[in-house]
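Number of protein chains: 2
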Amino acid sequence: MNSRHENVTPFYVMDIVKEAAKYDDAIHFEIGQPDLLPSPKVSKAIKDAVDDGHFGYTDSRGLKALRDKVVEHYKKEYAVEIAPEQVFMTPGSSGAFMVAYMLTLDSGARLALSDPSYPCYKNFAYLLAIEPQFIPVSEKSLFKVTPRELALVEADVFQISSPSNPIGNLYSADELAALSTYCSEAGITMISDELYHGLVYEGRAHSALEFGDDAIVINGFSKYYCMPGMRLGWMIVPKKWVKKTEAIVQNLFISAPTLSQYAGLEAFDDAHLKAVRRVFKERRDYLYGELKELFDIPVKPEGAFYIWADISRYSDDSLIFAQELLEEAHIAVTPGFDFGSFQTKRYVRFAYAREMRHLKEGVRRLKAYLLRYDRVVSK
Amino acid sequence: MNSRHENVTPFYVMDIVKEAAKYDDAIHFEIGQPDLLPSPKVSKAIKDAVDDGHFGYTDSRGLKALRDKVVEHYKKEYAVEIAPEQVFMTPGSSGAFMVAYMLTLDSGARLALSDPSYPCYKNFAYLLAIEPQFIPVSEKSLFKVTPRELALVEADVFQISSPSNPIGNLYSADELAALSTYCSEAGITMISDELYHGLVYEGRAHSALEFGDDAIVINGFSKYYCMPGMRLGWMIVPKKWVKKTEAIVQNLFISAPTLSQYAGLEAFDDAHLKAVRRVFKERRDYLYGELKELFDIPVKPEGAFYIWADISRYSDDSLIFAQELLEEAHIAVTPGFDFGSFQTKRYVRFAYAREMRHLKEGVRRLKAYLLRYDRVVSK
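Protein chains in written order, with this note's numbering: chain A, 1 to 379; chain B, 380 to 758.
Heads up, a few of these hints could be off.
Stated by the list, open to error - Covered stretches of chain B (in silico footprint by chain A; criterion: 3 or more residues with CB under 8 Å from a CB of chain A, positions within the stretch not fixed):
1. 476 to 489
2. 508 to 519
3. 545 to 556
4. 636 to 649
As the list claims (entries may be wrong) - To list a few chain B residues with every Cβ distance to chain A over 10 Å, as calculated:
5. Arg383
6. Asp414
7. Lys420
8. Ile425
9. Asp430
10. Tyr436
11. His452
12. Asp494
13. Val532
14. Gly566
15. Asp592
16. Arg610
17. Ala654
18. Asp664
In case anyone wonders, no lab produced these hints; they're calculated from the structure. Values in this document were obtained by computation on a predicted structure and should not be read as measured data. Glycine included, every Cβ here is placed at the ideal spot set by N, Cα and C.
All chains, full assembly: derive it from the sequences and hints.
Pasting the structure below:
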C-alpha cells in the first residue's frame, strides 16, 4: 500500500521564499499571488459584514446570492447556463480540488495530468492514496495535452488547466472541444482548473462547460480577483453529482469562510478587474520581452502571471541555478522541479506579480548576473 | 473497494434546518453554533487587517504571532510546553481533522471512535477510504470509552472528544491519563478533539497533551471564541510529524484564511470569554433543569452546549419524533441518528445556543406538545 504522505512533495519554492526573506533587497519572481488589492467594494463589504455580525456558518453550499452571481458570471462570460444548485463555494480552490478528487477518484481510480503542472494536483492524489498518471508535455506541443496523448494513459479523470501554472499557455476552443469529446466518449471525467481566467492577454479563455455539461469546473477569487488570503473558491458540478457533493462539503468544510463570501458578492467589479488585467498585461509584455533575450522561452504566455524559462544554456540543473541566483544576485525564482519531473531541471518559473519597478530592477540585476555564464553560452 | 462517498452520510439535521426555516416561529434547538459574537477586539482586528491590505496568503503554518498565542494558551491553561513549530493554523478544525487523518491513516489503517460521536469523524474516514471501527457507548459508561473497550477493536488511531458533541460529557484527568497510557503502549495515535474546551461548567477540561506528547490535539475558534464562520482551527502535532504536516497543509490549504488569523490574534480575550461561558452555563442550568423532567437524560452535560435526551418514553424512533415535533410544534432538534447508529433512535440532541427567552418559549411549547403522549407514558 502507498503511504499517503510519503510521495507528497513540499514546495521547493518555500525554501527559496524563506531564504529570500533574509535579503532586504530580494527580487521576488517566485511569488504566485497577485500584489494588487481587490476592489474597494470588497473591503467595504467585509467591514459591513463584520458590523452586521456575520460570524456564523453559511449554508454548506455557500450564500445563495453569491452562487447566483456565479451563475450570472457563466452566462455573461461564456454564454453557459448552469443552475445555482450546481455551484458550491469552497475554502479556496484548494478545497474544491479536494472535493472533486474525492468525488471522482475512488480507490484504484486513475488521475491523468500533465507533467509539468500545478504540484497540488498530484499531491492531492497521493493524499487520497491514488497513483497519478503523468502525461509528459514539452515545447513540441506548447505543453498542452491532446486526445492522442491522453489515450496513451489509463484514466478515469483528466485534470486540465488553462491558462496554466507554470506555463501560462491557453487551450483554444478547438483544443478544448476535442478533449471534451474524447473524455465524454472514453468515460473520463474532466476537471477543469480555470483559476487564471480573466488574466488572459491574447485570445480568449474558454470554460470546459462550453463544450459539455459533464465536466467539473473549478475557479476562485485568489488570482484575478486579488483575494488569495480570503480562501474562497467555487466549483461547478454536473447535476448528477449535486447531492453527493453536498454531503462531502458538509462534512469536509461545514461551509466556506463567511466574510470571504460577503467579500465575493462585491468582487465581480468589472472596472476594477479590467484595471487588474491591464496591469498584468503590461508586466507580461515587459518581462517576456526582456527574458526572451536571456532564455529560451518556448511559450509566450497568453494568461496567468508566469513565464516558463529554459535555463539550459546556463545550467543543467535549475534547482542549483535558482539557489545560486538567490544567493549571489538575491533574485528569487521557482525551480521547475516543483511542477513535475519531465525535463523540469531545464526550467524555472518567473512570476510577474510585482510592480514594474521591481521587475525592472530584477531584469537589470539578472542581466548582470548572467554575464558570468558568458563562457558557457555557445548555442 | 469501498466507495469514498457512498458511506458518507449527509446530516439529517440539514433537512430539519431547511424545514424549520419555513416557520417564522420556529424554536431552534438544532443549531450547533454559538449565537454570541466574538470579542469586539476581534471585529476591530479584522477591519484593521482590511485597511492594512492583508489579502495575501500567510505562511502555510499560519502567522507566527498567532502560533505564539496558541503556545502561550497551552502554557497558561494546561501548564503544557509546546513549540510554535508544532502548531498549525487550519481552515476550521475541520481542516485540522483532514490533515490529522491523512497523516495517521494510511490505506488499510484503522480508526477507532465512539458511537455515537461527531458525524464528521467517520465521514472523514470514509472519504479517505478507511473503514472506521466503532466502539458502542451507552449511559452505562456515561458514553465514555475506556481502555478496556478500546482494546476490543483493532485500532491504529483513536479519536476522542471531551467535552463531546453530542453528549456534553467530560473525561476526567484519570480517565484521559489511562487512555493516553494505553494508546502509547499499544502504538495507537490519539487524536483529541478539544474544540469545546472553555465551554465547561463543572470540573475542568484537560488536554491530551497533559498526559503525553504523542497525541494530536485539535481545537479552534468556532465555539468558545464564537467565530464559526471565520473557519479557523489549529492543530498541535508531535515533533516527529512537523515536517510531514507542513507538506500536507501547504498542498491542502496553501494557508488558513488570513483575516481570520488576524481576528484570532485578538480572540483570546479573557473578560469576553468568561462572559461567554457564564451565558452558556446559565442556559445549561435552565434547560437541563427543565428537560430532565420531560426526558431521561443519562448525562448532565458538563461542557459544550448540548443535551442528549432519551425520548424513548414517547417514541421508538427519534427521527420520526424530531420530524413530528417540528411539523406540529415548530420545535427543531437534531435526531440522534446523525451521530451514529448504536441506540441513537432513542435520542435527540438539544442545543442551547440561543438566548434564554427563546429556550423558555421552546420549553413551554415542548411541554404542551408532549401532553399528547401522556397516554403512552407508562414507565
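The hints, checked one at a time:
no.	hint	result
1	476 to 489	holds (count 7)
2	508 to 519	violated (count 1)
3	545 to 556	violated (count 0)
4	636 to 649	holds (count 4)
5	Arg383	violated, 5 Å
6	Asp414	violated, 8 Å
7	Lys420	holds, 12 Å
8	Ile425	violated, 5 Å
9	Asp430	violated, 8 Å
10	Tyr436	violated, 5 Å
11	His452	holds, 20 Å
12	Asp494	holds, 17 Å
13	Val532	holds, 20 Å
14	Gly566	holds, 17 Å
15	Asp592	holds, 20 Å
16	Arg610	violated, 4 Å
17	Ala654	holds, 16 Å
18	Asp664	holds, 24 Å
When held up to the earlier numbered hints, the structure conflicts with 2, 3, 5, 6, 8, 9, 10, 16 and fits the remainder.
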